[in-house]
Amino acid sequence: MSILSAISNKITSVPVLWRRFIITGLSALPALYILQLVIRIQTGEWDLLGPEPGKALVWLTGTWAFNFLLIALMVTPLYRLLNQRWVLVHRRMLGLWAFLYTSLHALAYATFLLQWQWADITSEIVKRPYLLLGTGAWTILLALALTSTRWAQKSLGKRWKALHKLVYFAALLASVHYLLQIRAGWFEPVLYTVLTILVLLVRNRRFEGFWKKSDKI
Amino acid sequence: KQILAASETAWGKDETLSPYSAVTQYNNFYEFGTGKTDPSRYAGDFKTDGWKVEIGGECEVKGQFTLEDILKPLDLEERIYRLRCVEAWSMVIPWIGFPLAELLKRFKPLSSAKYVEFTTIEDPEQMPGQRSVFSTIDWPYKEGLRMDEAMHPLTLMAVGLYGEILPNQNGAPLRLVVPWKYGFKSIKSIVAIRFVEEMPSTTWNDLAPQEYGFYANVNPKVDHPRWSQASERRLPNGLFSANRIPTQMFNGYASEVEGLYSGMDLRRFY
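The listed protein sequences correspond, in order, to chains D and L. If you read the first sequence in the numbering used here, its first letter stands for residue 1, the second for the next number, and so on. If you read the second sequence in the numbering used here, its first letter stands for residue 218, the second for the next number, and so on.
Be aware that a few hints might be false.
One side only, chain D facing chain L, incomplete, derived with CB under 8 Å [to be verified]:
(1) Gln42
(2) Glu45
(3) Leu48
(4) Pro51
(5) Gly54
(6) Leu100
(7) Ser103
(8) Phe112
(9) Ala119
(10) Gly185
(11) Trp186
Within a straight-line C-alpha distance of at most 20 Å, the following computed EDC-like cross-link-like pairs (lysine to aspartate or glutamate) qualify [claimed, not checked]:
(12) D:Lys127 / L:Glu277
(13) L:Lys253 / D:Asp47
(14) D:Lys127 / L:Glu428
(15) D:Lys127 / L:Asp440
(16) L:Lys331 / D:Asp47
(17) L:Lys331 / L:Glu319
(18) L:Lys289 / L:Glu319
(19) L:Lys253 / D:Glu45
Keep in mind that the hints were calculated from the coordinates and are not lab data. Note that the structure is a prediction, hence the values are computed from the model and not measured. Ideal Cβ positions, reconstructed from N, Cα and C, are used throughout, including at glycine.
Isolated chain L (complex conformation) (with noise of 0.2 Å):
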């Protein structure tokens, strides 16, 4: 636990903040097993330290970097978002990090970048959920994002939460975070990003493409097949107070990023 130097900006400052321990200890990273409580539980040990990121595909400039090459000429700052689980659960999170167009710039992505492609760190003697042969999921865990959703300035890269570096169970030591999309696509733990032509296979997606698409992008209109998306319980609720909200398209963030759908059907492209 280490306070980080990071500026404050007005990105969700009118939020009621979920409490630390839910933030913490209510996860979904199925590489450390199915169970909310499972990445907490088993996530203690998990060694970040001498981390490497490769970049490859469509860009200029490539290889592996260390974590201290990618976070030295960036400055950090603490955004305020709510995440929106695809299980149609909720929080807000006071994350620490950069927006993740100012990493991919310094690669210089060629015109033939059209997606990006994120892939989690696959080490099954660290996670136990990697080694359980009761895992329906391909490991590693890829999700993807299409050029100009990784560029736009709401994503962000995080590194750190509640002013501490990334608590392992929430994908230490560097995860992404799209507020406007289900959490799913907010990869966690990557250690490899390329820049590609065609739209990237996502584990969920993969797994069933029926309930998961690409995009992902938080729809009160488009239900889940077996659920409702159309509210959410933000966390924490009590048992005779569900705190059962109206979900907001895009997860309220619509008059940022809806011009990159524009004339999508996002029925179809859900």
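So that you can see chain D by itself, here it is in the shape it has in the complex (with noise of 0.2 Å):
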């Protein structure tokens, strides 16, 4: 433990301020790695991503806004795990980070798969499960991101608290969504799906004993 509180005031060492600098330029990284493929890929370089440059595309933004979505989740079990008050201070711009990577996620969707062909979207979405889903966990992380500002937590109350859990079902919604695009290698959705299922066992209050218990001896 007392490493971990060590690490701890090393980073409460650091101004805010600071901190959101760093977390905002190292959640930057993956948009802009992936902004420079798309530079490449048009200025020549067709071969970077093999083929079907289009669906790498969509599949790298779909893994980031995941792994975002659960770096979002960790924040509070970090914090009531290893008793790392700190990182709260960052959960409303890290969520945010997911709801930016999970947008981007759509747009390469649209953009490269469907090129906007708005009938094929409304068609596919109603035909494809996995589509619909995907559809339903990005809404649920847009009104939350619409409603993470100081004056929609004050002027929704109790309410806010209440819309906010709305976040575990969109993890839940998320791998679902990737659990069905699977034809025979499962090891990566399922891994994702596990990670989802651990975040929320640890986040809900009514497994707290488990650990609180051992973290004693």
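Hints are included, so try docking the two chains, each in its own frame, into the full complex.
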């Protein structure tokens, strides 16, 4: 525990504003990496991501959307399990990054795979359940992003907390969205689902007894 | 890499070929991994010398044949075929091979032979996908054709592509090419051919029978349960040009093969 509190002290000695800059910079790295891929593909390196670059980018943005969703969901467990209080300040920002990458993923799908053929979009969403689930997850994150301001928090009062609990539901939708696309390689979808369930279990106060007890030994 | 002497044929002369890099670096060959680039990455050291094919079942001539035995009396020819994957992408590939019928005739199949069953090599030491604990496939990979499909002049046994010996990731040294069926029917790295009376069990049909049928004829009217088969992405495509084209019945080979299925409900026998 002393190592953890030492880490915690080291981090909290850095001003909050700096920490925000660092987290913003790190969170933007995958997006910048994806942007340079798009630029290089468009400037002649057509083969950079193989013969289906659009599909590759949809998968890449989807993976990062899920990564950030899990990172944002890890904030509270990190505080409760390891007593890292400093992380709470950054929860909103990490949640917004999760929303941003989810939006990039949806945008990549609509642009590269559907080419904005709206007739196709509606028929595809209705026909393919995994698209419906993905759209559902994105819609929830959109609502949470829109109500992430302090003003919304105040004016919604108790309802704000209830609304923002929907993030658990969004994570479950994202897991099923991924699982439904399995053909034979199930490792990654199952890994993400297991991580999602673990995070949800840790966050649920009803299960707090399990790790609070073992903590004292 | 070696150029094979092959005669040109009229097949697919008007088609635009998919680039060599797409054909050889975007593969479904789960024996080497489920990623599209896994086969080209991990098949480099795959050993094909001394390759043997076991012939058995309902035929007069049985036994083990070396690849040289198989190829000796045959003339190789180039055929440019469209390849339509069940995942809704397609390519155009210049194969080098010989009609499967030419080979099968030599084994003198009996009248009881109603189907032909093909088996891919099972060699986990060389094939990381077969070693993987995450694989849901019951190795070895198996495929099958009805006898008349196997004897059809379009059905090709390929030993090369783009003027060279078949790269390992494309199913060296011997693979099937059935251009009017989804790609998974075109089994790779064949080590056994059996003539059988009953419809053989096949890998993808075993794994998800509601998604992959035995026939697996390209059919724009019968969707995969999770995606539409009405159109396909002709590869390579660009970021802002999906190259989406309508899928043709029997992948455009309807005039040659539709007679094989007359009177069959293709919705039921997908």
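Contradicted hints - numbers only: Hints 2, 3, 6, 7, 9, 12 and 16 contradicted; others consistent.
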